[in-house]
Amino acid sequence: MSHPTGVRINNDLLRPLLLTSWRFYLLVAFFGGFVVAGGIAWGSQIYYGFGIAGLKWPIYWAFYVTNFVFWIGISHAGTLISAILRLVNAGWRRPVTRCAEVITVFALMIGAMFPIIHLGRPWLAFWLFPYPSDRLIWPNFRSPLVWDFFAINTYLTGSILFLLLPMIPDFAVVRDKSTGLRRRIYRIVALGWRGTPKQWHRLESAMQIMAIAIIPVAVSVHTIVSFDFSMAPIPMWNTTIFGPYFVAGAIFSGIAGLLIAMAVLRKFLHLEDYLHPVHFENLGKLLLVMALLWGYFVFNERLVTYYGNGPAEMTVFWQTQRRSFAPLYWTMVFGNFVLPLVLMGIRRFRTITGCVIASLGVVVGMWLERFLIIVPSLGNKYLPYSFGSYSPQPAEIVVTVATFAAMALLYVLFAKFIPIISIWELKAGEHPSPVLIPPATEEHRLGELHL
Amino acid sequence: MPRWGMAADLDRCNGCGACVVACHAENNISTVGPEEAARGRAKHWLRVERYWEGDFPDVRVTFRPVLCQHCDNAPCEPVCPTYASHHTEEGLNAQVYNRCIGTRYCANACPYNARFFDFFNPSWDKPLHLQLNPDVSLRMVGVVEKCTFCVQRINGAQVQAKAEGRGVRDGEIQPACAQSCPSRALVFGDLDDPESQASRLSRSPRGSHLLEDTGSRPKVAYLARQA
Amino acid sequence: MKAVYGLYPDGLSAQDAVNRLRAAGLADRDITVISSQPMEDYEFGHMDKSTWMWWLACLGGLVGMSFGLVLSWYTATAWPMNTGGLPTFAWWPKLIIIFELTMLGAIFATVATLVVSALIPRKGQSLYDPEVSDGRILVGVENPADEAVATLETALRAPAGAQVKQTP
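Protein chains in written order, with this note's numbering: chain A, 1384 to 1834; chain B, 953 to 1179; chain C, 2 to 169.
Since the hints were derived computationally from the structure, they do not count as laboratory data. The reader is advised that the hints may include incorrect statements.
[Stated by the list, open to error] Below, a list of computed lysine to any residue pairs in the SDA-like style, where the Cα atoms sit at most 25 Å apart:
| no. | chain 1 | residue 1 | chain 2 | residue 2 |
| --- | --- | --- | --- | --- |
| 1 | A | LYS1560 | A | THR1540 |
| 2 | A | LYS1581 | C | LEU72 |
| 3 | C | LYS95 | A | PRO1616 |
| 4 | A | LYS1560 | C | LEU72 |
| 5 | C | LYS95 | A | ILE1520 |
| 6 | B | LYS1078 | B | GLU1147 |
| 7 | C | LYS50 | A | PRO1627 |
| 8 | C | LYS3 | C | LYS95 |
| 9 | A | LYS1668 | A | TYR1690 |
| 10 | C | LYS166 | A | SER1561 |
| 11 | C | LYS166 | A | PRO1616 |
| 12 | A | LYS1799 | C | ASP135 |
| 13 | C | LYS50 | C | ASP147 |
| 14 | C | LYS50 | C | SER67 |
| 15 | A | LYS1650 | A | ILE1520 |
| 16 | C | LYS3 | A | GLY1474 |
| 17 | C | LYS95 | A | ASN1621 |
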C-alpha cells in the first residue's frame, strides 16, 4: 500500500521523460532548423563583415541590443517570481516555479549571446573577463558594459544553481523509475540523493538563501542593463527613471512569457491536473498589476520630458508620438497597457485563453518598447545633419527569429529530460494536514551542530 | 604639457570640402563606394554640415565643419569596457584600434556622432590604394575609428623639435584639414599656450562650443558668423 | 553494508517507528529516515535541522565583497587611465562590481555547503530503497550491532503497515 497521490504524480510527470513520440523529433527538427539558420546568419555576418546587418551611422545599436534587453527582461520571469513566491511561501507556486526558473536560465543564455553577436570583433569578447593578460590592461570597471558582464554572470550562475538544486530530488525519482543507460545517467546527476531529513533541511535552507540572494541580483541586472542607456548623454536616454522602469518592464514581460509557456505545457504535456485555471488567474492578476505599473512609469517618463520641453528630447519625443515611429509606439501602448488592462481587469476574460492573448500582446509590446527606446534616440541625436533612420536586414531578422526558436527548442529538450514540474515540491504541497506531532523529548535531540 | 585644440571660423568656411578629402587621404580612411555610402556606412572623420536658414527665396546656407571635439569630459571614454577609448596626457581623445572589440557604445554616447564603425575590411578604388599614408595604421572590420587631430603629425613634430633641442612652435603642427583649408578657417594649436593663435581665437567673444550643455567640455571652438 | 529497515506508508507510522527505535535505546544519529518529500509536519522530519549554512553564506559574501573591492581597486590603480575626466577609483561604479561579487560569493558558499554537508556520501551511510520514490518512508538502522538486530526488527515491525527488510 503506497501513497496514491505520490504514484500518480510520478506517472504523470515522468511520462514525457519516459515516452517519446514522433512529434518530439518533429518539433526538435523544426525549431532546430531555425536555430541553424540563425547560426548561419551570424556566421556570414562574421565572414562577410558586419555590413550585412542593417546598422549604420549613426544608429549603431538596433535589433541585437533590442533582443538583448528583451531576453534579459524575459529572464526575470522565473527566478524573481519563483524566489518571491518561495519566500512568501505561496502554496500555489509549487507547479509554477520550475517552468519559470527554466525560462530564466534559457532566456538569460540567449540574452547573454547578444552582446557577443553584436560585437564588431566577437572573437575578442573574452577581453571583458578580468584576468592578468599580456596586454597588461584590465577591463574598465567604470564602463556599464563591464557592470553588465558581472551582473549577468552572477545572475546566470545563481539562476542555474537555483534551478538545479531543487531538481536533485527529482533526478533521484527518475533514477528509481528508469532502467538502462537512462538510469545510469540520472544516478550520476542525482548526486547521491537519498532524502534524509538532513538533506531536505539543507536543501530548503539553501533554497531560502538563494532566493534571498537572487532577488537583489535580479533587480540589479535589469537596472544595470538600463544603465547601458541612461549613462550616455543622449536625449531620452539620460534619465534617472530608467532603472525602476526597466526592472518593472522586465518582470512584466517575464510574467507574460511564463503565462505563454505554462499554457503551451498544459496543452501539450496534458498537465491539466497540475496547472489549474487558478494559477493562470493569479499570474494574470500579477500581469495586470505590472501593466498598471508600466503605464505609470511611461506616464512619468513622457510627462517630465514633455514639460521639460528640451529641444533635443522633444525631437525624439515627437518622433515616437506622432512621426515615423508613431505606429510602433501606439501598438506598444495597446499591447502593453490597453490589452492587458481590459483582458486581465475584467474577471470574465481572465481565463487561460485571455491570459495567453494578453501575454502575447505584452511580449510584442515589450519588444517594441526596447526598440523604441534605442533607435529613435540614436537616430535623432542633437545635430539634425546627422539624423538617420534604420531598417533591419535579413541577417538581423533571421537571428532574431532564431532566438525565439532557440527558446522553444531548449524548452522542448528540457521538458524531455527533466520533469517540468517539481515532483517533490508538488508532493510536499499535497500531503495531508498534520494530525499529530509527537513532542520531541530532550534526550533524543542532538545537541551538536552538523554542517 | 600641451593641450591640443582647434578653432573654426565659420565666417571663413565656404563649405568647399577640401578638409574632408585631405582627412581621407591623410588618415587612410577607406572609401566604401556609393551604395554603401548611401546606406550610411561612409566614414568622414570630418564632415561639413550644411544647414539652410530662412524661408525660400530668402535662404542662406551655412556650413559647419564637425570633427571629433576631443572633449575634456568625453562621454565616449568611460563607457568603453576595454579602455580602447581614453584620454592622453596631451588632452587628445585617443582610440586604440587594437583594444577595440566593437561594442560601438562610444559611438552611441558621442553627442556629435563623430565616431565611425568599420562595417567591412578597408578597400580602396584604384588608384587610391597607391597613396596610403605609412604613418597611419589601417583599421580592420569591427572596430571604431575617429579623428585623431592627426596625432602622427603631432608626434612627428614633437620628435623633430626634441632632436633640434627646442619646443614645438605655434603653427608648426597642422592637421591635414587645417593645412588644406584654402580660407584658413581651421586653426590648430596648444590651448594652454595663451599666445597661440588657436588659443587666442578660442577666447574670442565670437567663440562658442558645440553642444556645450551636454557637459562634455569640447576643445573645438566655433567662431560665430558675422557676415 | 548491513542494515535493518522498515518501509511505512505514511508519516504517522514512520513517526511511530522512530519513537520505538528511540525507546529501544538508539540515538537520533543512528536512525536513518528517508522520504521522497520533506516531512515538516512530523517530529522526525525535524531531526538534524540546525546548520551553519546561513553564517557560511555570509562568510562567502564577505569573501566575495573583499575580492570585488581588491579587484576593482587594484586594476584601476595598476595602470591609471583617464577616461572622460572621471576619478580613477570612484566608489559609485565600484559598488556595482562589489555588490555582484558579494552575491556570487554568498551563492557559491551556500551551494558548496550544501554539497559538502549533505550530498557527498558518508562512509557506511548508503541505505536506500527505490520504493521511497513511490511515497514510502524508510526508517532503519545502518550497521546495527549483531545482537541488537532482533530487537530492532521487532520495534520496526510494530507500527501499522510496516514492511521490514534486511540487507546482509
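Hints versus structure:
no. : hint                     : verdict
1   : A:LYS1560 with A:THR1540 : violated, 30 Å
2   : A:LYS1581 with C:LEU72   : violated, 37 Å
3   : C:LYS95 with A:PRO1616   : holds, 21 Å
4   : A:LYS1560 with C:LEU72   : violated, 48 Å
5   : C:LYS95 with A:ILE1520   : holds, 17 Å
6   : B:LYS1078 with B:GLU1147 : violated, 44 Å
7   : C:LYS50 with A:PRO1627   : violated, 39 Å
8   : C:LYS3 with C:LYS95      : violated, 57 Å
9   : A:LYS1668 with A:TYR1690 : violated, 33 Å
10  : C:LYS166 with A:SER1561  : holds, 23 Å
11  : C:LYS166 with A:PRO1616  : violated, 74 Å
12  : A:LYS1799 with C:ASP135  : holds, 21 Å
13  : C:LYS50 with C:ASP147    : violated, 30 Å
14  : C:LYS50 with C:SER67     : violated, 31 Å
15  : A:LYS1650 with A:ILE1520 : violated, 53 Å
16  : C:LYS3 with A:GLY1474    : violated, 40 Å
17  : C:LYS95 with A:ASN1621   : holds, 20 Å
Violated hints, listed in ascending order, are 1, 2, 4, 6, 7, 8, 9, 11, 13, 14, 15, 16; each of the other numbered hints is respected by the structure.
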